[in-house]
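A.B. asks: The primary structure of each chain is shown beneath.
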Amino acid sequence: MISRRTNYLLIAAVLALVVFPLVFVNGKFGGSDDQGSDAVASSRPGFKPWIEPIWEPPSPEIESLLFAVQAAIGAGVIGYVLGRIHGSAKEREAQKQKAPPRDVAH
Amino acid sequence: MHIMEGFLPAEHCVVWTAVSAPFVVQGGMRLRKIMREHPQMRLTLAASGAFTFVLSALKMPSVTGSCSHPTGTGLGAVLFGPPVMSVIGAIVLLFQALLLAHGGITTLGANIFSMAIVGPWVSYGLYKLFRSFGLSMALGVFVGAAAGDLATYITTSVELAAAYPDAASGYLGAFLKFMGVFAITQIPLAVAEGLLTVIVMNALSQKTDVLNELGLIQSRPS
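Order-wise, the sequence lines are chains A and B. First residue of the first sequence: 1, per this note's numbering; consecutive thereafter. First residue of the second sequence: 1, per this note's numbering; consecutive thereafter.
Pulled out of the complex, with its shape left as it was, chain B reads as follows (with noise of 0.2 Å):
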């Protein structure tokens, strides 16, 4: 899902850092507002924030024989709200950009919106869905955490395809190609990520009340 550096026009570099930046300030107002009401919840902050390390950095075959890696955003997402999740991932793709040339200082407002911020709200959007519907807390997390690694590579075939239309087959024909790239090779990667999700939720919150505290679930008579 990264755009490599230099890899889209500079008008398209302007707008997707102006709709991305106000995701990612709000997100660092809502991550200010967590480590002031909530200090006790920087641990699992900082777990949140590594899954995303972790994920990000593994490149991971698939069955198209092509590698691609998850993103570890629907985490946080689900235990903290897509806006944390907003300044996380934009952490890690500077980290990225910088460190491993891998996007780019000028793609990184369309790799945010992406990644930090598509990625994260489908995550959420759709946990919370199931969960209305009284579906298992496992469950909700394992297709958030899953339709939003997918819905990252979705958006990065939008992305390019609105910079790049098809000289025949304009928008939807570019659309399809870069999806063609990245959308098969993704699903298998989507479902390990869901299930790493579940297995890394279900760990933080052994002997804790922390799904207690963040109100994901009914607090417990014991």
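Next comes chain A alone, as it looks inside the complex (with noise of 0.2 Å):
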């Protein structure tokens, strides 16, 4: 679809696009989600959810540990996936080599 080096170019791009605000804007980066329950909770005094989760994570880290086996999880099955794909390519290269078709005589 498109070149290798193309490529490089977009990962640099993302990159810089998540670095930018890092370097650049002064801000306490919490997170919009809650945000938007913030938004919802300042504009109705009082407001308190009518339900609360079944099960919280304990703490920011035990949060952000699970967050990380998510990303991890998907991660490797991406690695996965991907290097199956690649390996069975090189492989179907290998072997057509091996045993070039043999000529259909009649």
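Careful: at least some of the hints might be erroneous.
Stated by the list, open to error - Part of the chain A face toward chain B, derived, beta carbon under 7 Å:
hint	residue
1	Val25
2	Phe29
3	Leu66
4	Gln70
5	Ala71
What the hints assert, rightly or not - Footprint (simulated), chain B over chain A, 3 or more residues, beta carbon under 8 Å:
hint	segment
6	11–23
7	33–41
8	47–60
Claimed, not checked - Restraint ranges, calculated between C-beta atoms of paired labels, are given here:
hint	chain 1	residue 1	chain 2	residue 2	range
9	A	His86	B	Gly134	26 to 32 Å
10	A	Pro60	B	Ser136	21 to 27 Å
11	A	Leu82	B	Ala167	50 to 56 Å
12	B	Gly134	A	Glu93	28 to 34 Å
13	B	Leu172	A	Arg4	44 to 50 Å
14	A	Phe47	B	Ile184	20 to 26 Å
15	B	Met35	A	Glu91	20 to 26 Å
16	A	Val19	B	Gly134	32 to 38 Å
17	B	Ile184	A	Gly46	40 to 46 Å
18	A	Thr6	B	Gly173	39 to 45 Å
19	A	Leu82	B	Met35	42 to 48 Å
I should point out that these hints are in silico values taken from the structure, not numbers from a laboratory. Backbone N, C-alpha and C fix where the C-beta goes; we use that ideal spot for every residue, glycine too.
Both chains are given apart, each in its own frame, so use the hints to dock them into the complex.
C.D. replies: Shown next, in the form of structure tokens:
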């Protein structure tokens, strides 16, 4: 679809998009999801969620651990799939070279 | 885009769950059909689901000084169609609601609607539109994925505004307020998601005829 060089440029662009705010923006970097909840609560004095989560990670460390686990599972699967795809493509090529398709004589 | 547990009134929860449920059921049937008829697609399917798993876990800094996360649903929506992503997105959201207290069971329907239904459909629709104009696949994937990401957060703003109209400025005022929280923060992250989706799509389609088998490109003469 696109060349390898373009791919590297795209990866660099993603990194730049993420690093730029960290370097040049002075913010607290809180989560927008929680800010959405805060916006609801501040517009309704005395607002309380009518139901609590069944289970909550006991600390921010545990929460970030679970987020990391989620990302790691996903990244692991993607890595496995890419490895399989490229591995089997290589194998196919190697087999082709070993045994060139026989001429169809008739 | 996650609306937290208990942050939507009960009747809104019921409505969004009722709206989302048929999409997830249809997606489940579509998923089974793909697995049965194209077993060789299972790897690519797994990668599409995993992409959503990764991206929705990454809270990235944005120019507003806040953090937000992409959704990762554009890739699978382009490859397998939006219904499949309704199921995969629902699984991710359930995982986060149960294990991370991020989102919730009562708000699951609303969160599925924004991330697993509207987002994928916008991605898919724009991708198809761009392709029908003869524009490149990479451009279609980029715009589709970025717009789907943004559409998810706009939908969340609509859902919150519908539940909590502003006392003075009404539904529109509330919508703009929630957009103020989500939209600008999300723009650079949506661009990042678009670029990442192109990169992964590219990696998945190299050296294989996955795209060909999915009918995404004309079969190449070889």
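A.B. asks: It remains to establish, for every hint, whether it holds in the given structure.
C.D. replies: How the hints compare with the structure:
1. Val25: holds (5 Å)
2. Phe29: Holds, because the Cβ-Cβ distance from phenylalanine 29 of chain A to chain B comes to roughly 5 Å (cut-off 7 Å).
3. Leu66: Interface hint status for leucine 66 of chain A: holds (5 Å vs cutoff 7 Å).
4. Gln70: Given a least distance of 4 Å, the restraint on glutamine 70 of chain A holds.
5. Ala71: At 4 Å from the nearest chain B Cβ, alanine 71 of chain A passes the 7 Å test, so the hint holds.
6. 11–23: Per the Cβ count (8), the hint holds.
7. 33–41: With 7 residues in contact (Cβ-Cβ under 8 Å with chain B), the coverage given for the segment 33–41 of chain A holds.
8. 47–60: Contact hint for the segment 47–60 of chain A vs chain B: holds, 10 residues under 8 Å.
9. A:His86 - B:Gly134: 26 to 32 Å: Roughly 30 Å apart at Cβ, these two residues keep to the hinted range, so it holds.
10. A:Pro60 - B:Ser136: 21 to 27 Å: Between proline 60 of chain A and serine 136 of chain B, where Cβ atoms are some 43 Å apart, the hint is violated.
11. A:Leu82 - B:Ala167: 50 to 56 Å: The hinted range 50 to 56 Å holds for leucine 82 of chain A and alanine 167 of chain B, with Cβ atoms some 52 Å apart.
12. B:Gly134 - A:Glu93: 28 to 34 Å: holds (32 Å)
13. B:Leu172 - A:Arg4: 44 to 50 Å: holds (48 Å)
14. A:Phe47 - B:Ile184: 20 to 26 Å: Holds - the Cβ-Cβ distance for phenylalanine 47 of chain A and isoleucine 184 of chain B, about 24 Å, lies within 20 to 26 Å.
15. B:Met35 - A:Glu91: 20 to 26 Å: This hint holds: roughly 24 Å between Cβ atoms.
16. A:Val19 - B:Gly134: 32 to 38 Å: Between valine 19 of chain A and glycine 134 of chain B, where Cβ atoms are some 35 Å apart, the hint holds.
17. B:Ile184 - A:Gly46: 40 to 46 Å: violated (29 Å)
18. A:Thr6 - B:Gly173: 39 to 45 Å: holds (44 Å)
19. A:Leu82 - B:Met35: 42 to 48 Å: violated (20 Å)
Checked against the numbered hints given earlier, this structure breaks hints 10, 17, 19; the rest are met.
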